[in-house]
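Chemist: So the protein sequences, as listed, match chains A and B. FYI, the numbering for the first sequence is 1 to 543, going by our numbering. FYI, the numbering for the second sequence is 1 to 288, going by our numbering.
There's no promise every hint is true.
Example chain B residues on the side facing chain A (calculated, C-beta under 7 Å, incomplete) [claimed, not checked]:
1) Pro142
2) Gly144
3) Leu164
4) Gln230
5) Asp268
Over 12 Å on every C-beta distance to chain A, these chain B residues come out as not near it, computed from the model [said to hold, decoys possible]:
6) Arg3
7) Gly11
8) Glu178
9) Asp194
So the derived list for chain B, only partly shown, Cβ under 10 Å to chain A, looks like this [claimed, not checked]:
10) Ile139
11) Asn140
12) Gln141
13) Lys148
14) Arg167
15) Asn226
16) Phe228
17) Thr262
18) Ser265
Hint data in this document are derived by calculation from the structure and do not stem from the laboratory. In this text, a Cβ means the ideal position worked out from N, Cα and C, and glycines have one as well.
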Amino acid sequence: MRITVVRLISQIFFMGLFFFFCFVTQFSYLKGYPVSIFLEVDPLVAIATAITTHTLYQGLVWSLVLLIPTLFLGRFFCNWICPYGILHQFTGWLFNRRTITENIDSNRYRKVFALKYYILIGMGGAALFGSLQIGLLDPISLLFRSFTVAVLPTLDMPTEWFYVRPHVHQLGWVVGFLLFFLIGMNLVIPRFFCRVLCPLGATLGLLSRFSLWRIHRDTDKCVDCDLCLQRCEGASDPHTNLRKSECFVCFNCIDDCPHDALSFDFMPDLKGEVAGPQISGRRAVMAGLIGALSFPFSRRSGDVDELFKKEVVRPPGSVAEDAFLERCIKCDQCIRVCPTNVLQPAMLEGGIEGVWTPIMNMRTGYCELNCTLCGEVCPTGAIQKISIEQKLGIGQFTDLGPVKTGTAFYDRGRCLPWAMDTPCVVCEEVCPTSPKAIYSREVEITNRWGEKVVLTRPYVDPEVCIGCGICEHECPVQDHRAIRVTAVGETRSKERSLLLGMSGGQEGCCGGGGGSSSAGGGCGCSSKKESSGLLQIDATESA
Amino acid sequence: MKRREFLRRAGMTGLAVAGSGVGAGLLHDPRGGDQFFRDVQVAAAKTLPSFAVDSGSSAVAMAIARGTDAGAMVRAAIGEMGGIARFIRPGDTVLLKPNVAFDRAPLLGATTSPAVLKAVAELCREAGAKKIIVADNPINQPEGCFFKSGIKAAADEIGAELMLPRRSSFEEVKIDGEVLGTWTTFYEPFAAADKVIGIAPCKDHNLCSGSMTMKNWYGMLGGRRNQFHQAIHGIISDFPHMVKPTLVVLDATRVLMRNGPTGGSLSDVAVGDTLVVGTDMVAVDTFG
Chain A
1 MRITVVRLIS QIFFMGLFFF FCFVTQFSYL KGYPVSIFLE VDPLVAIATA ITTHTLYQGL
61 VWSLVLLIPT LFLGRFFCNW ICPYGILHQF TGWLFNRRTI TENIDSNRYR KVFALKYYIL
121 IGMGGAALFG SLQIGLLDPI SLLFRSFTVA VLPTLDMPTE WFYVRPHVHQ LGWVVGFLLF
181 FLIGMNLVIP RFFCRVLCPL GATLGLLSRF SLWRIHRDTD KCVDCDLCLQ RCEGASDPHT
241 NLRKSECFVC FNCIDDCPHD ALSFDFMPDL KGEVAGPQIS GRRAVMAGLI GALSFPFSRR
301 SGDVDELFKK EVVRPPGSVA EDAFLERCIK CDQCIRVCPT NVLQPAMLEG GIEGVWTPIM
361 NMRTGYCELN CTLCGEVCPT GAIQKISIEQ KLGIGQFTDL GPVKTGTAFY DRGRCLPWAM
421 DTPCVVCEEV CPTSPKAIYS REVEITNRWG EKVVLTRPYV DPEVCIGCGI CEHECPVQDH
481 RAIRVTAVGE TRSKERSLLL GMSGGQEGCC GGGGGSSSAG GGCGCSSKKE SSGLLQIDAT
541 ESA
Chain B
1 MKRREFLRRA GMTGLAVAGS GVGAGLLHDP RGGDQFFRDV QVAAAKTLPS FAVDSGSSAV
61 AMAIARGTDA GAMVRAAIGE MGGIARFIRP GDTVLLKPNV AFDRAPLLGA TTSPAVLKAV
121 AELCREAGAK KIIVADNPIN QPEGCFFKSG IKAAADEIGA ELMLPRRSSF EEVKIDGEVL
181 GTWTTFYEPF AAADKVIGIA PCKDHNLCSG SMTMKNWYGM LGGRRNQFHQ AIHGIISDFP
241 HMVKPTLVVL DATRVLMRNG PTGGSLSDVA VGDTLVVGTD MVAVDTFG
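My request is simple: use the sequences and hints to build the entire structure.
Modeler: Given below as structure tokens:
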């Protein structure tokens, strides 16, 4: 069997695996599947989070599985495993109407391909200060996000395959058209994203500098026909001086060479190769500077501290906001797995650094009391793997109390019993805590016609309220709800606490100590997780 | 220009002109939008047939069983009613409607006991039911509710089909009550069923004070249910207009005494060890 056929089989397998994991990242099918594995083997995620947090979170150590072979072989990931690369190769092939000479010309190296290294350097500059932005363009994060936010909701419309109650995602059209644009660009430059933008490709390109196996051209046999460029995926110039940092190890050139002049050799002569990526020092410094400056510029805009927005209600188990921005790679797996659709990709609610990070929107859903799936799938610990006991503050966590995501407040000018003498209290009905955080008082009032009527008017007990938002979700005042959850009172941050007696929160464990960047990694509570996150409350513990 | 070509080209233009005229005529809506006319909606709405079985006026209308074994209680109560054969014929498709509104473990009393559901389903199987459907449109996320309440496991054990409330499962249904005229209803399971059995837990409720077999039908409605609290008593008394079930079962094996309808703590639950079966919802709920 030819090696390119083996490669094709590998590509089909990994693409299928990605689709499968994407499908099962859902309440009913999740079971124990390692759905985060593509992100965990991604060295860019591992290296960048290691820069921001100085630790390697749980499964991210799997990145060695990819990193070490890359040191030997080069960027084989790009053309053997990467589902986003496979998607681009496939669509580029499907819509390709070029002649052979046009194909050859479209696969020559261009200077613009160096852009990805500058992007990587810029993101690295931001990461040095604790702003993790690689997720904007990391191919696995980008693809998973595109599927979660745009592709699956689209496919679900005619088929109802993915949701029982259809999910909506704010600004899904932006994510959708971005995917469409990046795929469409394959018609202009084949593998546009992989060659020009991909920061993971750039990382792997840097890592392949010293790899032992490389494409070798036998200049005695070569007749300079350039046919090896016909299907060259990486545009790595195998017809002349090889650019190993651009080579995707697809083996098409070896296949296409009519004179057997090309081979994949162990330690070939390096003479005549273009060593390492061709980037200019001045531009690299500029890119790094832009990245580094983005940190003070965005942090001093205040979105993380003084000016934090009330809409930035993070999922339960999230670490404090600055630590969150060190960890979240915007892959949106949490949004995919969320059974109620409460999680939404942020646009600018959390500031420029928080684009596509998960926030809770109580109009689309609410946080299910006995559910911790978002933390279960988070590959980087931005949302910690908390147990149900820990979330509810029962059993051994009784002293710490429940994990609060925010606090509910009434808008008495819009609430039916408060403003319009109309009975309602749906909020109290659905409030899931015991005792309910929402309670009511009966009052006898005189209505506008002079009649005495008894009304039940609701109140929030901020000590009991956990900010799940089901009250807001079920409130019949559909547009601007009469009860709304805002971020104040959230457990993860002392700065945002509400009641004096409760500012301790779950400090010392996940989510505590607002401001500490070490709130993740080795904290003991993550070892007590249930593998599926679907734990049923044991009757004896809730008693 | 040749005559043939003149005719061909003029003919094409003529066809396009005629096409636009016919299209406009077919699409023209002189009333200005059907959606603004309630009568059109009502005419298009479906009606639910009566699922009640006529056994004459002397037939037993209600039976009460007390005990700790759910299966034995269901058998005893339905036995007192004249046996399951009075209600289910061989080949029937039976819809069982538990209350699975919340994502709660069975012991917390916020949902129908899986043991009771299973016992009723087993009886239906014995009576020759061809197919058993279990359906509800919960308030919490449906899959989580069915999973954690143990209802999915019970349905799987008995080989019943779990029908989830998908978008396409809903239709406008004519209810003709005092408050509800037509309402978006989880219609698919009703359409498939010959017989309907409601199985409701006995619960405290923050607004209605109690939630039993009549309020159970709330779970088959869709749309803007969060408006119902504005006239909850009227809504509940509309349910007998909407559904005429074959049988209702009031599951008071565990009773949610406070913090209803969600509960959430074992201290909210009392052991009731009682089960009521009846053909008349009002009678059953009055007893409850």
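Chemist: Please verify that the nearest CB of chain A lies beyond 12 Å from Arg3/B's CB.
Modeler: holds (42 Å)
Chemist: Verify the interface restraint on Asn140/B: the C-beta must sit less than 10 Å from at least one C-beta of chain A.
Modeler: Given a least distance of 6 Å, the restraint on Asn140/B holds.
Chemist: Does the claim that Asp194/B lies off the interface hold, with its Cβ farther than 12 Å from every Cβ of chain A?
Modeler: holds (25 Å)
Chemist: Would the hint on Pro142/B stand, with a C-beta cut-off of 7 Å toward chain A?
Modeler: holds (5 Å)
Chemist: Restraint: Ile139/B near chain A, CB-CB cut 10 Å. Satisfied or not?
Modeler: holds (6 Å)
Chemist: The hint names Gln141/B as touching chain A; please verify it with the least Cβ-Cβ distance against 10 Å.
Modeler: holds (4 Å)
Chemist: Are all C-beta atoms of chain A more than 12 Å from that of Glu178/B?
Modeler: holds (16 Å)
Chemist: Against chain A, run the beta carbon of Arg167/B and see if the smallest gap drops under 10 Å.
Modeler: holds (6 Å)
Chemist: Return the status of the interface hint for Gly144/B: holds when the least beta-carbon distance to chain A is below 7 Å, violated otherwise.
Modeler: holds (6 Å)
Chemist: Taking the least C-beta to C-beta distance, is Lys148/B closer than 10 Å to chain A?
Modeler: Nearest chain A Cβ about 6 Å off; hint holds.
Chemist: Does Gly11/B clear chain A by more than 12 Å, comparing its Cβ with all Cβ atoms of that chain?
Modeler: holds (36 Å)
Chemist: Using the nearest Cβ pair, does Gln230/B come within less than 7 Å of chain A?
Modeler: holds (5 Å)
Hint compliance for this structure: every hint is met.
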